[in-house]
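Participant: This is what each chain is made of:
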Amino acid sequence: MREELALLPLYGTAHLRLTLAAVFLGAAFSIPTGIWLTRHRSLEQGVLGVASVIQTIPSLALLAIMVPALAALGGFTSRAFGVPVPAIGVLPALIGLTLYSVLPILRNTVIGISGVDAALVEAARGVGMTDRQQLWRVELPLALPVIVAGLRTAIVWVVGMATLSTPVGAPSLGNYIFAGLQTRNLNAVLVGCVAAAVLALSLDSLVHLLEVGIRRRRPLPRRIAIVLLLLLYAYAAGSFALEGLHAGGAVRVGSKTFTEQYVLSEILVRTIERTGVAAEAVPSLGSTVAFDALRSGAIDAYVDYSGTVWATVLGRDRAGASREEVLREVREALERDFGIHVLGALGFENAYALAMRRRTADQLGIRTISDLAVHAPRLAIASDYEFFSRAEWASLERAYGLRFREQRTMDPSLMYEAAGHGDVDVISAYSTDGRIEAFDLRVVKDDRRAIPPYDAIVMASEDLVRDRPEVARALARLAGTIDAERMRHMNFAVDELGKSPGAVAEEFLRSAGHKNPVLSEPSRTPGD
Amino acid sequence: MIELRTLTKRYGDSVAVEELSLTIDRRECLVLLGGSGSGKTTTLKMINRLIEPTTGEILIDGEDVRGLAPHELRRRIGYCFQRIGLFPHLTVAENVGITPSLLGWSEERIRGRVEELLRLVELDPAEFAERNPDELSGGQQQRVGVARALAAEPRVLLLDEPFGALDPITRDRLQESFRRIRQELELTAVFVTHDMVEAILLGDRIAVMNRGRLVQVGTPRELVESPADDYVAELLSTPARQARAVERLTSREAVG
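The listed protein sequences correspond, in order, to chains X and U. Everything in the first sequence is counted per the working numbering, starting at 183 for the first residue and increasing by one. Everything in the second sequence is counted per the working numbering, starting at 278 for the first residue and increasing by one.
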């Protein structure tokens with residue numbers, strides 16, 4: 183718990199900053215637009231309709247869409263003006279959150295102002311107010327409670343949704359939740375959720391205080407609220423500036439959203455730091471976000487898998503390709519087409535593999551996927567979010583004619599448990615996952631080699647290789663140092679023994695010298 | 278003096294007011310009388326440009342009302358209407374002082390004026406100035422409404438059925454106050470009502486309107502003695518008939 187709390191200032195501040203900025207921008211756009219709409223009633227339905235449609239886009243998708251959209255925009259601006267636009271990090275999160283905050287504020291502004299009694303508008307005109315005076319002296323004060331209610335709704339929504347900035351590369355309280363769920367660290371999840379709730383409630387009460395102060399015309403609560411809000415904004419802006427100064431030269435190492443990735447990114451970060459260069463982790467990126475991030479220079483390095491790049495980036499789906507072939511094709515194509523360097527293969531594969539309960543497999547006599555195909559119509563399969571839409575699954579279906587009774591998608595952290603308890607029969611496991619053993623599952627052999635090999639490879643940007651050759655050399659030395667056995671142990675240590683990825687990475691680097699793979703066997707108590 | 282010259286207001290195909298010409302003398306109270314849909318309120322609102330006429334013109338003391346921006350015009354003309362429209366987020370004093378504050382009067386001057394006006398409409402400033410409008414009775418609210426309309430010392434006052442929603446006793450008291458105030462301040466007033474008795478009690482002259490047209494203008498006596506048509510005749514005979522009916526009933530009760 184102490185380890186989690188130590189990160190609270192960092193994540194909490196980032197979260198607060200995103201929320202304040204998004205709501206500020208949302209209000210700065212929505213309140214004037216809402217007022218304008220009450221003067222142009224014919225456009226009201228159209229504009230509110232657009233805002234409602236934005237609201238119906240699932241929030242995670244809305245944020246994730248910003249990444250390729252900004253990458254495309256960045257490609258254009260850097261060609262046209264030589265100014266790149268960062269595709270991951272704070273910008274996509276901020277845009278998504280701002281869009282999300284528009285609807286409640288906009289709608290409440292329109293409702294609040296058009297809800298002002300017609301007699302009062304007539305009186306305002308009758309006593310000789312200009313349009314502007316009518317707005318400021320009559321309509322806005324009377325609509326204030328409704329507008330503020332919209333603002334409060336927006337704040338609560340944005341605080342909640344800002345936890346989803348983590349997968350697009352903006353740190354937030356979501357870092358606790360994403361990493362915590364993947365590494366089965368409930369403390370982290372708890373800290374993230376409680377902190378977000380406290381933040382939402384505090385900001386909400388602060389705005390409420392401001393509203394009461396204005397409406398009841400009490401200067402004291404109004405002043406307190408204004409001063410507190412100004413302090414918050416000053417803190418947010420100050421911390422942002424300070425971080426900007428601070429983080430100038432650090433090498434940024436990305437990771438995707440599962441345990442192995444957290445451990446590997448920590449190993450990379452620590453390896454870089456040992457060369458005397460500052461490095462920081464950018465954890466929990468969405469699967470394709472990580473690649474886009476490396477391509478656009480938002481991160482400098484991360485670990486991906488040869489088969490993944492081969493299938494999803496290069497679009498290959500030839501069955502039966504060997505480990506070496508895939509690795510060579512990936513290395514060449516990445517360097518030629520994307521300017522991305524493959525610094526080395528770590529020495530293990532983390533392949534997609536179909537796994538099932540050992541007992542069921544024995545009963546049915548299933549050893550290979552060919553065996554499995556016979557029983558599949560009576561069995562249920564579960565996979566992570568992406569597997570069923572990936573080329574590998576299509577290839578499996580084609581090679582074996584697989585047809586299951588039921589296909590389900592679930593969070594990878596729940597998949598193993600579901601298989602272990604027999605809620606589903608087959609899962610798309612990751613071959614290095616410690617939970618295969620923990621839940622007594624068996625990997626079913628891909629006898630027709632429909633799934634390509636998945637060597638873990640360290641990938642780095644052109645800039646890193648050119649500007650920091652010593653870092654690239656240090657990372658290249660990690661090649662061949664982690665075999666599948668060791669990776670499984672490290673995953674197990676995090677998932678089942680409750681160690682932090684950082685601690686496991688540290689242990690690895692210390693024990694290593696890389697030749698003597700004595701990783702402490704899983705015998706310690708959790709909470710270490 | 279207010280001159281309305283061949284005023285017409287059309288909404289699409291329908292005509293709300295048709296070629297209406299009328300002159301209201303200085304210090305006169307002219308009542309615009311008619312049923313609903315007669316065009317009386319539209320006529321009134323064209324004077325302070327809450328409604329713009331389709332054709333025709335309006336002169337106040339010889340000057341075209343279109344010579345001023347609408348808000349500047351309205352600051353010079355008091356306006357009072359049935360729904361009153363006191364601003365609920367302002368105190369009574371702030372409501373009364375609103376037009377002076379728009380005109381940029383000093384706070385000192387506004388405070389003095391507000392007190393003077395509250396006394397004029399028979400509300401004790403000490404008791405009422407700092408109250409919120411929703412703490413007042415309907416009659417008190419309309420007194421504040423009248424005070425607000427008079428705040429910037431207008432020469433002209435427009436009233437759109439101001440006492441229509443009040444109970445008879447309160448209405449009677451406010452009518453009484455209004456007569457006194459109008460004489461004290463030598464105001465030119467245009468008063469819209471559908472109530473014949475009110476028209477006779479308050480109007481120096483009555484202009485009868487029906488379906489957007491001016492039917493007849495004259496003093497109450499002129500109208501009673503020589504109504505222009507059956508509509509006017511019936512309109513004017515109504516209060517007398519009612520009065521007789523009331524008298525009959527009450528005297529019978531007295532006998533019984």
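The set of hints was computed from the structure by calculation and includes no laboratory data. Here the structure is a predicted model, which means the values were calculated and not measured. Quick reminder that beta carbons are idealized off the backbone N, C-alpha and C, glycines included. Don't take every hint at face value.
To be verified - Part of the chain U face toward chain X, derived, beta carbon under 8 Å:
no. : residue
1   : Gly344
2   : Phe358
3   : Arg360
4   : His366
5   : Asn487
6   : Arg488
7   : Arg490
Stated by the list, open to error - Computed far set for chain U versus chain X, every beta-carbon distance over 10 Å:
no. : residue
8   : His348
9   : Arg353
10  : Ile361
11  : Gly362
12  : Ile375
13  : Thr376
14  : Leu380
15  : Trp382
16  : Glu399
17  : Arg408
18  : Gly415
19  : Arg450
20  : Arg456
21  : Arg459
Participant: Confirm or reject the statement that arginine 459 (chain U) sits farther than 10 Å, beta carbon to beta carbon, from all of chain X.
Facilitator: Holds, since 19 Å exceeds 10 Å.
Participant: Should the label of arginine 450 (chain U) as a non-interface residue stand, given a Cβ cut-off of 10 Å to chain X?
Facilitator: Holds: least Cβ distance 23 Å, greater than 10 Å.
Participant: Have a go at the phenylalanine 358 (chain U) hint: is there a Cβ in chain X nearer than 8 Å to its own Cβ?
Facilitator: 7 Å, holds
Participant: Interface hint check: glycine 344 (chain U), Cβ to nearest Cβ on chain X, cutoff 8 Å. Holds or violated?
Facilitator: 16 Å, violated
Participant: Are histidine 366 (chain U) and chain X close enough, Cβ to Cβ, to be under 8 Å, as the hint says?
Facilitator: For histidine 366 (chain U), the interface hint holds, since the closest Cβ of chain X sits about 5 Å away, which is under 8 Å.
Participant: Take a quick look at arginine 353 (chain U) and tell me if its Cβ sits farther than 10 Å from every Cβ on chain X, holds or violated.
Facilitator: 8 Å, violated
Participant: Taking 10 Å as the cut and beta carbons as the points, is histidine 348 (chain U) off the interface with chain X?
Facilitator: 5 Å, violated
Participant: Does the claim that isoleucine 361 (chain U) lies off the interface hold, with its Cβ farther than 10 Å from every Cβ of chain X?
Facilitator: 7 Å, violated
Participant: Interface hint check: arginine 490 (chain U), Cβ to nearest Cβ on chain X, cutoff 8 Å. Holds or violated?
Facilitator: Violated: closest Cβ of chain X sits about 26 Å from arginine 490 (chain U), beyond 8 Å.
Participant: Threonine 376 (chain U) clear of chain X by more than 10 Å, beta carbon to beta carbon?
Facilitator: 5 Å, violated
Participant: With 8 Å as the cut and Cβ atoms as the points, is arginine 488 (chain U) at the interface with chain X?
Facilitator: 24 Å, violated
Participant: Please verify that hint: arginine 360 (chain U), Cβ, nearest Cβ of chain X, below 8 Å or not.
Facilitator: 4 Å, holds
In this structure, the hints that do not hold are numbers 1, 5, 6, 7, 8, 9, 10, 11, 12, 13, 14, in rising order.
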